[in-house]
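There are 2 protein chains.
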Amino acid sequence: MHDYLKPDPWSIIEEGFDKDRVKSSESIFSQGNGHMGQRANFEESYSGDTFQGSYIAGVYYPDKTRVGWWKNGYPEYFAKVLNAPNWIGIDVFINGEPLDLNTCKKVTDFRRELNMKEGWYRRSFTATLPNEVMIQVNIIRFLSLHIDEVGAIRYEIIPRDADVEVKFHPYLDSGITNEDTNWDDTFWETTELTSKENRAFIESQTLKTNFQVCTFMESHLFLDGQHLNKNPSEVKNKLRIGHEFVQTVKNGETLTLQKFGGYTVSRNHKASELVDAAKKSLKRAVDLGFESLLEQQKQAWAKIWDTADITIEGDIKAQQGIRFNIFQLNQTYLGKDSRLNIGPKGFTGEKYGGSTYWDTEAYCIPFYMATKNQKVARSLLKYRYNHLEKAIENAQKLGFTKGAALYPMVTMNGEESHNEWEITFEEIHRNGAIAFAIFNYFRYTGDYSYIPEMGLEVLIGIARFWHQRANFSELKGKYVILGVTGPNEYENNVNNNWYTNYIGKWCIAYALQQLTKVKDGFGEDYKRVIGKTRLTDEETAKWQKVADNMYFPYSEEHQVFLQQDGFLDKELITVKNLPKAQRPINQKWSWDRILRSPYIKQADVLQGFYFFEDHFTTKQLEKHFDFYEPFTVHESSLSPCVHSIQAAKLDKMQQAYEFYLRTSRLDLDDYNKEVEEGLHITSMAGTWMSIVEGFGGMRIVDDKLSFRPRIPEQWSSYSFKINFRNRIVKVTVTKEKTEFSLDGKNEMSIRVNGERVVLHPDTVVAV
Amino acid sequence: MHDYLKPDPWSIIEEGFDKDRVKSSESIFSQGNGHMGQRANFEESYSGDTFQGSYIAGVYYPDKTRVGWWKNGYPEYFAKVLNAPNWIGIDVFINGEPLDLNTCKKVTDFRRELNMKEGWYRRSFTATLPNEVMIQVNIIRFLSLHIDEVGAIRYEIIPRDADVEVKFHPYLDSGITNEDTNWDDTFWETTELTSKENRAFIESQTLKTNFQVCTFMESHLFLDGQHLNKNPSEVKNKLRIGHEFVQTVKNGETLTLQKFGGYTVSRNHKASELVDAAKKSLKRAVDLGFESLLEQQKQAWAKIWDTADITIEGDIKAQQGIRFNIFQLNQTYLGKDSRLNIGPKGFTGEKYGGSTYWDTEAYCIPFYMATKNQKVARSLLKYRYNHLEKAIENAQKLGFTKGAALYPMVTMNGEESHNEWEITFEEIHRNGAIAFAIFNYFRYTGDYSYIPEMGLEVLIGIARFWHQRANFSELKGKYVILGVTGPNEYENNVNNNWYTNYIGKWCIAYALQQLTKVKDGFGEDYKRVIGKTRLTDEETAKWQKVADNMYFPYSEEHQVFLQQDGFLDKELITVKNLPKAQRPINQKWSWDRILRSPYIKQADVLQGFYFFEDHFTTKQLEKHFDFYEPFTVHESSLSPCVHSIQAAKLDKMQQAYEFYLRTSRLDLDDYNKEVEEGLHITSMAGTWMSIVEGFGGMRIVDDKLSFRPRIPEQWSSYSFKINFRNRIVKVTVTKEKTEFSLDGKNEMSIRVNGERVVLHPDTVVAV
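Line by line, the protein sequences give chains Z and X. Mapping of the first sequence onto the UniProt record's numbering: residues 1 to 767, in sequence order. Mapping of the second sequence onto the UniProt record's numbering: residues 1 to 767, in sequence order.
Next comes chain Z alone, as it looks inside the complex (with noise of 0.2 Å):
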């Protein structure tokens, strides 16, 4: 485990320098702004271990799929999130020899700090170089929340005991790659290189998916504050370009380079008008100048921070990681746009494409919807809504027919783009979460318009998809869902996944329940989707059919629903029996005999009581807790935030708060040991939701919000914000008393009693 992050509140710091962590480090201290991201590499050279990566939310590229047999309906290809051009790169020269901390002579003061409640990120160093001149940096870069296409770099650089000569290069480069492609292909090509005076752009398009964008570049010299007004040179190659500033900088002064850059791309604009965009975009940003940049950084971020902070007492280390996780999940996806959606990893490594999965609507949603305004998760929905007719598609390479839809495991414009045949085409639950995303969105936000201007077309087409998917066992007598893999992933091709029979079975009645709803409420939606889709009530018979005699495996001995069909038939050793050296079984044990183990990866039965929390008792929830829990390997970074909601509802405070620590800092901490290739971006949801759905107890019941506060034994105190139907509920809790406010006033304080707490939409107070 990493421990060399210093505890703070609202940094992450790191000292000293260590070239084996560097490429742990370019994942923690990534930055983004929405638009883009940055792993936190060196704008200098570096000739030692590094992960090179730059992302723009949405350019990506359909990478040709590899495959040991091919099997009919596979994806022809896998969607993957494109490292895109340098923008950040500034080389440096001291009396002509390059700076590079791996051939340094002597590094010392090396700091990084990763200021999450401003939104920026400073490195310094002293480095004496292999020609003995020694040399102070600072350096300084934020990716702008104000201007989204700008990221801004203060370098600065101070010789320590001489008068030196330095030579400031910064660049644009193209010549980049993917560490993650299938077959070494090139994915972009570059068309134009240009530059004038101080300012460059590169103009590149994607290969196959055709994004055209301009990454762009100005830079300005300083010394000692004064600007210095030069006109670089140009240095030009194939795929690069850049500029050189050669100073004289005497002993103590300090030679500030600042550098501008980003990119512009035909998402967003015109294609011919990427480069006049990029300038417009450089002349917003240098007009403000960097101070103000980043004062207009500092007072984003402050709004950002004011209703999804979350403050813990007397636990720095929990307080940190529910920082760290808030502040990344804001650096990921802020709702701006609804083509775009929240990959596993966002901007911070390359694993998983940059792809949508069900994460969104299982842990992303939740948290988006409580810390802003609500259009964000509705753009969300609204999302899905748009590949519709893409998983119809999907399902229609299946076999299914007649508008069924299956939306895709993986996904970057709605077409299917993974290629396992028992996730792509059995990890069916997935349409699942995206019905109850869309349930889960008018519970929480009241805003029911979503249903009848789209989530019912979604709806139908999901509840066609559970009708058609199940088929009646003569034998049993009920509908069975054969063939699928859970939630647990580490179960394939399992006959009655109860989860998967559960949630189809209330896609199916909740589609019913709509339908009613819209056809009484809002007669021209209805009659509007009942002609798009040529629903019958022949059809929704059929469909009631099938959500009524749907079967459930159930065990009377262990009073538990079966995570599948034969679960009791396995060796039925708990987690605990196992030798640690045995451990994580995915990385030391075959796949088959994962399979034929009866370990759990992440919640299955325990995520569908987790969803329908309120379809079971407490005492059968404790049942299914104490059956599953003991079997749970949490080899997900989604698996242990829902275990501990659920122990701390059934209140295991101990329990709880383990998971809770487990999840929020599993990145600062490295628990999987792969920080390296990206941080764990959609869990940071489950983190929260530990919190405020954990400890906090938030649920919304008929129609209003409540909680049962609890505290862990290790914190003094902590508290957070819900914007809930637009007002803000404030809840602190303390191990004497909850305190409540309402938009910040109404003030209501409670003792902590374990007991549910009801608060009136309207205010804040008990009933």
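This list has only true hints and no planted wrong ones.
Below 30 Å or equal to it, Euclidean Cα-Cα: the simulated DSSO-like pairs (lysine-lysine) are:
no.: 1; chain 1: X; residue 1: Lys588; chain 2: Z; residue 2: Lys542
no.: 2; chain 1: Z; residue 1: Lys576; chain 2: X; residue 2: Lys476
no.: 3; chain 1: X; residue 1: Lys673; chain 2: Z; residue 2: Lys64
no.: 4; chain 1: X; residue 1: Lys478; chain 2: Z; residue 2: Lys476
no.: 5; chain 1: X; residue 1: Lys71; chain 2: Z; residue 2: Lys576
no.: 6; chain 1: X; residue 1: Lys402; chain 2: Z; residue 2: Lys580
no.: 7; chain 1: X; residue 1: Lys576; chain 2: Z; residue 2: Lys397
no.: 8; chain 1: Z; residue 1: Lys588; chain 2: X; residue 2: Lys390
no.: 9; chain 1: X; residue 1: Lys71; chain 2: Z; residue 2: Lys588
no.: 10; chain 1: Z; residue 1: Lys478; chain 2: X; residue 2: Lys478
no.: 11; chain 1: Z; residue 1: Lys71; chain 2: X; residue 2: Lys576
no.: 12; chain 1: Z; residue 1: Lys588; chain 2: X; residue 2: Lys64
no.: 13; chain 1: Z; residue 1: Lys64; chain 2: X; residue 2: Lys23
no.: 14; chain 1: X; residue 1: Lys6; chain 2: X; residue 2: Lys580
no.: 15; chain 1: X; residue 1: Lys390; chain 2: X; residue 2: Lys519
no.: 16; chain 1: X; residue 1: Lys64; chain 2: Z; residue 2: Lys673
Here are some of the chain X residues that sit facing chain Z, going by a computed Cβ distance under 8 Å:
no.: 17; residue: Val67
no.: 18; residue: Lys71
no.: 19; residue: Asn72
no.: 20; residue: Leu398
no.: 21; residue: Glu420
no.: 22; residue: Asn471
no.: 23; residue: Ser473
no.: 24; residue: Lys476
no.: 25; residue: Val480
no.: 26; residue: Arg593
Bear in mind the hints are in silico, worked out from the structure with no lab data behind them. For glycine and all other residues, C-beta sits at the position ideal for the given N, C-alpha and C.
Using the hints provided, position chain X relative to the given structure of chain Z.
What follows is chain X alone, placed relative to chain Z:
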């Protein structure tokens, strides 16, 4: 379906040139002699669509695997049969114009004949070249059984309307590629090209595996039968070496090039002596001369046919089919080398990597056992004994311990080289087929020596695997085997596949039985084996417990064993009721749809009833056949033969005949539209079984050979020979009677009445 091949009892004949058929015919007219094999590629250059292939037995390449997502335990490589340097090439120029059937103005009288009786391939045609010159061409080619490193070509050209200048360029070419590569890697390195007078040599080696190969040739020119004793000039480039012969030929004269060529390989010679060995082989061949070598070829094939032939009267297509199967099996494997085995496509294509599958034990061994000296079958058994250590290592990778052995699904050298988890890790029944082959070998040959010498160790490793692979189900109070793929690969990761459980139990019981037998009769061997395997009574007691308490899924309602747990939950629509447009389902359906369907790719429960027929009553067989046959789609080439044998046993003669025809003419009629990729060699042994075990009803009962002859309505008679314990039994069945003879004597004639005839081993007298 193909119908361009002329029915003929002894030859495969194609008439007329059709460019679209070239690749298919290249497969069908393939030649082999056990040491090497060759698709029926043209000698002269051909610019049309072609699949070039020349293969050397046992020379393979460990191609880097290609997977979607890596799983622990996957092998690093997939062994590929290698397209070897081309030795057959003869470029032809007529008045300077290259002969290329793809560019000729006119091609008439095109005819191919593969003479199976005598083991040669002839191609002839009359062509008008772009330069308007008309020539007649006759080519005969064979791969010598007598000198198995050598093949011979006689290439005749007869000008048909003018005197012409003919240039022959016989050449060797190592600039070849594999059609089937995962990463377009290069597989060969060429080290030297040399030529002297009319001989040439290419020395090359395979990358990674370092097989050294010398490809060689020697050419002679004749005019109207007169040896011209010309010394050709050398034509050489980086990867190709050849000779040029130039000759003026008068209209009507015959210019003949005789070319001898082939391979010497470091598997059989010292690497430093490959060229010398090549020279020796060439000298032997040339000293004999083309005609004598061909004469010897005819004699060698006559000897093979003497025991292996099956005659069918009254049904020429059936006759041609069975001979094609027997011929191809003998071209592929002759049992001379226990390091070799039988790849599913033999020397006729690249798919399935030329590796060993369980096809060998389940299908090929019975054929070789009955048609050749029993040493051949013993050699195949020894192959697996030699791989026992690797099988133990393979099991260790999957978490098994203490000498448990899991034989690979696909292998070249004993290491697993397949990488779909559902096959590699889960299709474990293959282990059973290997034990069954040991049992079957002794049952048939009466040679027990293999078991104490080698087999017992194999049986112990296999029994250990099954013991460890089963687990106790508290729920069932029985041992279960979870997460397997049965012979029916249209089910993956199922629990309690009946066939797997049954053969697993049987393997343990058989190993225990042989332990006792070896202990009693072969004390020294027993001591050695027990010492080596450290087997204890405690361990065997545990085996016994698993075998005694194995679970078998059974339906009381249908009175059949169930293919696996949950089979009856499927939508049980029979194949008959499946729309034709949906078939073959492996081309029309996505994998999940196939998996949850009831459709059976190849015999699964019925495979068990085939292996262990005597464990069940005919009534039971009928119940199971009637239950499973209607769901079987026979989309494996290995499927129809088992059904044919069982249909014959159940007196469903029309069905048995249809299955027979389908299996015997699978490639000739190209049922699966894929013959251009190569022939289905291993399933050809199943065709032989369909006649001998199906219609002939051959069985070993209580150590005696027995028959229950039936004849399909379509045939007037059929006959086959069996080498049973070194005695040749001939069986001739007509509609009226069956005749038996022993070693050509002791004839006996009985009426066919559907009764079983048991023969004394020493005399043909029914008991």
